[in-house]
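Two chains, two frames, a set of hints: combine them into the complex.
Respectively, the protein sequence lines represent chains L and A. No gaps in the numbering here: position 217 of the first sequence is 217 in this note's numbering, and each next residue is one more. No gaps in the numbering here: position 272 of the second sequence is 528 in this note's numbering, and each next residue is one more.
Please note: incorrect hints may appear among the correct ones.
What the hints assert, rightly or not - Over 12 Å on every C-beta distance to chain L, these chain A residues come out as not near it, computed from the model:
| # | residue |
| --- | --- |
| 1 | 343 |
| 2 | 370 |
| 3 | 396 |
| 4 | 403 |
| 5 | 461 |
| 6 | 469 |
| 7 | 556 |
To be verified - What follows is a list of derived Cβ distance ranges for each label pair:
| # | chain 1 | residue 1 | chain 2 | residue 2 | range |
| --- | --- | --- | --- | --- | --- |
| 8 | L | 179 | A | 447 | 46 to 52 Å |
| 9 | L | 111 | A | 351 | 40 to 46 Å |
| 10 | A | 451 | L | 53 | 21 to 27 Å |
Stated by the list, open to error - Going by beta-carbon spacing under 8 Å, a handful of chain L positions derived as facing chain A:
| # | residue |
| --- | --- |
| 11 | 49 |
| 12 | 60 |
| 13 | 64 |
| 14 | 72 |
| 15 | 74 |
| 16 | 75 |
| 17 | 79 |
| 18 | 80 |
| 19 | 82 |
| 20 | 99 |
It should be emphasised that the hints constitute simulated quantities derived from the structure, not laboratory data. A virtual CB, placed ideally from N, CA and C, is assigned to each residue, including glycine.
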Amino acid sequence: MSLEARNLTLGYGGQAIIRDLSLRLPSATVTAIIGPNGCGKSTLLRGLGRLVPAETGQVLLDGTDTATLRNNAIARRLTLLPQSPIAPEGIRVGELVGRGRTPWLRPFRPPGQTDRDAVQRAMQAATVSELREARVSDLSGGQRQRVWIAMALAQDTDWLLLDEPTTFLDLRHQLDLLKLLRRLNRDHGRSIVMVLHDISLAARFADHLIAMRQGEVIAQGRPAQVITPAVLERVFGLHTSVIADPLHGSPLVLPM
Amino acid sequence: MVSLALGARALPLAQIWAWAFGAGAAGPADAIIVDMRLSRSLTGIVTGASLAAAGLVMQQITRNPLADPGILGVNAGAALAVVLAVWLLGWSHPFRLSATAVCGAGLAAIAVFVLGRCGSGGDGAADRAGILRLTLAGVAVSALCLAFVSAIVLLDQDTRNLYRFWTIGSLGGGEADRLGWLWPLVAAGLAIAVLLARQIDALALGADTARSFGVRSEMTAGLALVSVAFLAGGSVALAGPIGFVGLIVPHVTRMLVGPSILPGLAVACPLGGALLLICDSIGRVVARPAEIQTGIILALIGGPAFLALIGRVAR
Chain L
1 MSLEARNLTL
11 GYGGQAIIRD
21 LSLRLPSATV
31 TAIIGPNGCG
41 KSTLLRGLGR
51 LVPAETGQVL
61 LDGTDTATLR
71 NNAIARRLTL
81 LPQSPIAPEG
91 IRVGELVGRG
101 RTPWLRPFRP
111 PGQTDRDAVQ
121 RAMQAATVSE
131 LREARVSDLS
141 GGQRQRVWIA
151 MALAQDTDWL
161 LLDEPTTFLD
171 LRHQLDLLKL
181 LRRLNRDHGR
191 SIVMVLHDIS
201 LAARFADHLI
211 AMRQGEVIAQ
221 GRPAQVITPA
231 VLERVFGLHT
241 SVIADPLHGS
251 PLVLPM
Chain A
257 MVSLALGARA
267 LPLAQIWAWA
277 FGAGAAGPAD
287 AIIVDMRLSR
297 SLTGIVTGAS
307 LAAAGLVMQQ
317 ITRNPLADPG
327 ILGVNAGAAL
337 AVVLAVWLLG
347 WSHPFRLSAT
357 AVCGAGLAAI
367 AVFVLGRCGS
377 GGDGAADRAG
387 ILRLTLAGVA
397 VSALCLAFVS
407 AIVLLDQDTR
417 NLYRFWTIGS
427 LGGGEADRLG
437 WLWPLVAAGL
447 AIAVLLARQI
457 DALALGADTA
467 RSFGVRSEMT
477 AGLALVSVAF
487 LAGGSVALAG
497 PIGFVGLIVP
507 HVTRMLVGPS
517 ILPGLAVACP
527 LGGALLLICD
537 SIGRVVARPA
547 EIQTGIILAL
557 IGGPAFLALI
567 GRVAR
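So here's chain A without its partners, still in its complex pose (with noise of 0.2 Å):
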């Protein structure tokens, strides 16, 4: 509601308030609400959920608590397809950059996961050495994808307009239809992650535990990388690469209900669209009229929570 009522340009929240159970404001307030705020907040919402999920999952099949969902090399995949796009193809139509950017998470992911494969089955030892080898590769193919975007954005000036909007992540502009056609595949996402909770929280007690469950190992971690890809990729698509939210809201998650998949997902979920929401309520109120990209207010409020947190395990 209060994400609704700020702006560039300010409505009373009796506005706001009179328009969801009247029968609408007249005017430019109609227009701000529907067309702009509204949509607006819930890409903000379905982002900030698909990251938190995102998180979760990964940092459980992972068992690194520092694993978020840039570490799967989604978020430089998503941006180095777009910039490519950009670059040879002159694309600049936001149906086509966002399908390009969930082929690119989806191709890093693929990648990461090849390299990173942790299928060599071995014993406790191996499996925590696949674990590593996982955020190994997570952050070569990072770092690849990364290294191609900062050379093609430097030759071409046409490019790094848009890279901006990409590489900070930011819930600006007419998402309407963005949300239209990338919800499924949120959906499709959170939906894997749920019907594998079992397998997922088995699998967060080692490959071998897992598979003294009965529980097919490579199967789950390659499913539940699916589920990831998904989540972040439509993510990254709605609203470019968005930091912290993946890496915090599964920490103050499992401080509230504890490791297991299914309760965390009931609240990740609810409070990554929150933490988004407000961040971005935020970034348009203190620099009104202009506002600051939603990345760089997680980032500034994100990084010392983060330091907070570290601070506080530690002891």
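If we strip away everything but chain L, and leave its shape as in the complex, we get (with noise of 0.2 Å):
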């Protein structure tokens, strides 16, 4: 089980953002991607989830390529869910989070109690539950997120992208989804594949990190192998200091 990119390029309009690019990720396993602005990190996930298509290589989904699969197949086994997705005017939560039963509903078929039950699940693992007549519009923002979890949730999928998941949510928020994404990996065994700004909390919440500059990986592996004054010096260009976080272990990163 892995998500592989082999030989990849990636672009948009002729202009190569990522090229010749191979990369494996392993399965049940939180994997955060960083890197400074524009090295491509997120037209990376977006490839892998095949909202941008290959101009050149592959990705593979347990080893099979992603190219001989139908479009519903795939987005029985892999979701992405992007930056700034968009609720429609007026939607209830309920119903947003039953849209994620797309690739499962049969054509001319309402859906039926698999897909209540998966609504139900992943209203519950993303603690939504008691929100489902709210309108989205009137959530908050760190609701409003994981409302968006819910519905990539009960699409059911093994992996789950997720494209910056905590920008516009303050500390205590992007804590509180980190820790979801977490609990979700380790109690459901999904892969979680995000792109992340922050090292630390990236460092702290993944097991196994990818640093990009210009469309290249610099370093992939555990976090304390990547997060090192070495390797951010090279990806970001700082001079950094690199400690042991006194509560939690992980690579803490202190600009100097």
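Shown next, in the form of structure tokens:
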């Protein structure tokens, strides 16, 4: 079980952002992609989630080239939550989470018991059950982000890709969200891949880190292997000192 | 029923009732009901329903609450096609003009879609930019078509007379045969929207999310536009460009049943049909024995209603 890029070239309108990149993401793991703005980390995530078509190379899902799979078959195993998804005006939480079932529904048949169960489980896991009848537009930023996570969970995929899920959230809600994602990984065995800006949070909550710069992977591995002054210098061009977080033991970055 | 009763010559409701359930009234009343009023009422219902459905689908896929069939350039395209056909070819046969209107509407929709193609695929921001582009393309194509229309109409007296009908929209004359061959077009447009319901609902969450659901977003958007072109083109050919129905009814619908497309269509179609019928009936009564065109009544009622709606949403 893995998600793999082989000689992947990605770009928009002929301009390559990622060139000939190969990478293997372990399953049942929380992986975080870090790097400076414009380094191609979102593009890589979107390429893995097939939102950006591969110009050359392949994306392999559990060993199968995704180009040979039907869209629907992929959507039952892997989903990507974009950075700023759009909620239709006036939609209620339960209905929005229910739309996550789209790839599982059969044409001309209403959602069945399996679908209702999946929606309920997803809302419980993301702790939004009590918001079912609320309008999404009336929710706070933290609640809304949990609703989007619930929608992605209702899709019942092994792989959950998230593009900067903590943007627009204050520190407390960032922590809540990352704890929720880690719980989904630990308790439900989901494979989570996310783009994160905050290096220290990434180091604390991810099992596997990928550091990128200018479309290339500079380092990957456990947080302690990746978060080193030498790597951070190459990736961000920053002089830093790295110490062990006295509370959690994870690497803590101190910019000079 | 009331719509059947009202008109230049008022018929008592009881007489209509008797006609509906009896063997049919004798004499001129029967002719009025069957030949004029019935076909007119049916046309009103079909036109209103298709405009409401077209507006609903438009607003869903563009995620623009101000979208309406007019924005796709459909009305302007149809008007230009009709004016050109009258001016250059001297056509006046309603069948030919209806066909011309549908073609013009379709061509305009295609032009707008190609110009404003949201196929760049990009991220959320690019997605929104694509929608903006589509809207701007619609406005541009509309303006261009209407400029040509104005020029031609100013040049040619006969065209002008005929054009007055198309600019305002009316359920005026002899639609029975037109309805007979236009309803399949409208039905096809509606069928596409129903078949695509889940994909359109997914697309309303943004192209990225739709793709994450395994929905092919470009294809869905393209087919949804075909549906809109059929629905709006059919309605233009039936009654000329009628505004406001496609704008207001989807708003009311969303307030009633939320933003999903299937319950939306189930509510919007009857609502649109009823709204148009009521406005048409009012138009026939207030200026008896003459008529005020439906489009004018709709604008008179719809304008303030729309302002009130915006006021409520803004608060």
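Evaluated hints:
The non-interface label for residue 343/A is consistent with chain L: the shortest C-beta to C-beta separation is roughly 42 Å, beyond 12 Å. Here residue 370/A stays apart from chain L, with its beta-carbon at least about 17 Å from theirs, past the 12 Å limit. The beta carbon of residue 396/A is kept farther than 12 Å from every beta carbon of chain L, the shortest such distance being approximately 23 Å. The Cβ of residue 403/A lies farther than 12 Å from every Cβ of chain L, with a closest approach of about 33 Å, so its non-interface assignment holds.
The claim that residue 461/A is not at the interface with chain L is violated, since a C-beta of that chain comes within 12 Å of its own (minimum 6 Å). Residue 469/A, annotated as away from the interface, has a beta carbon of chain L within 12 Å; the closest lies near 4 Å. With a closest Cβ-Cβ approach of about 27 Å to chain L, residue 556/A is found to remain outside the 12 Å limit, as its non-interface label requires. A C-beta distance of roughly 48 Å is found between residue 179/L and residue 447/A, which places it inside the suggested range of 46 to 52 Å.
Between residue 111/L and residue 351/A the beta carbon distance is about 45 Å. The supplied range of 40 to 46 Å therefore holds. In this structure, residue 451/A and residue 53/L meet the distance hint of 21 to 27 Å, their C-beta atoms being roughly 26 Å apart. This hint holds: residue 49/L has a C-beta 7 Å from the nearest C-beta of chain A, less than the 8 Å allowed. Using the Cβ-Cβ criterion of 8 Å, the hint placing residue 60/L at the interface with chain A is not satisfied: the shortest such distance is roughly 18 Å.
Against a cut-off of 8 Å between C-beta atoms, the interface hint on residue 64/L is violated, since the closest Cβ of chain A lies about 15 Å away. For the restraint placing residue 72/L at the interface with chain A, the shortest Cβ-Cβ distance is roughly 4 Å, inside the 8 Å limit, so the hint holds. Look at residue 74/L: its Cβ gets to within about 6 Å of chain A, closer than 8 Å, so that hint holds up. This hint holds: residue 75/L has a C-beta 3 Å from the nearest C-beta of chain A, less than the 8 Å allowed.
The restraint placing residue 79/L at the interface with chain A holds, with a minimum CB-CB distance near 5 Å, inside the 8 Å limit. Hint on residue 80/L holds. Least Cβ distance to chain A is approximately 5 Å, under the 8 Å limit. The beta carbon of residue 82/L comes within 4 Å of a beta carbon in chain A, closer than 8 Å, and the hint placing it at the interface holds. Taken as an interface hint, residue 99/L checks out: its beta carbon lies about 6 Å from the nearest beta carbon of chain A, inside 8 Å.
Checked against the numbered hints given earlier, this structure breaks hints 5, 6, 12 and 13; the rest are met.
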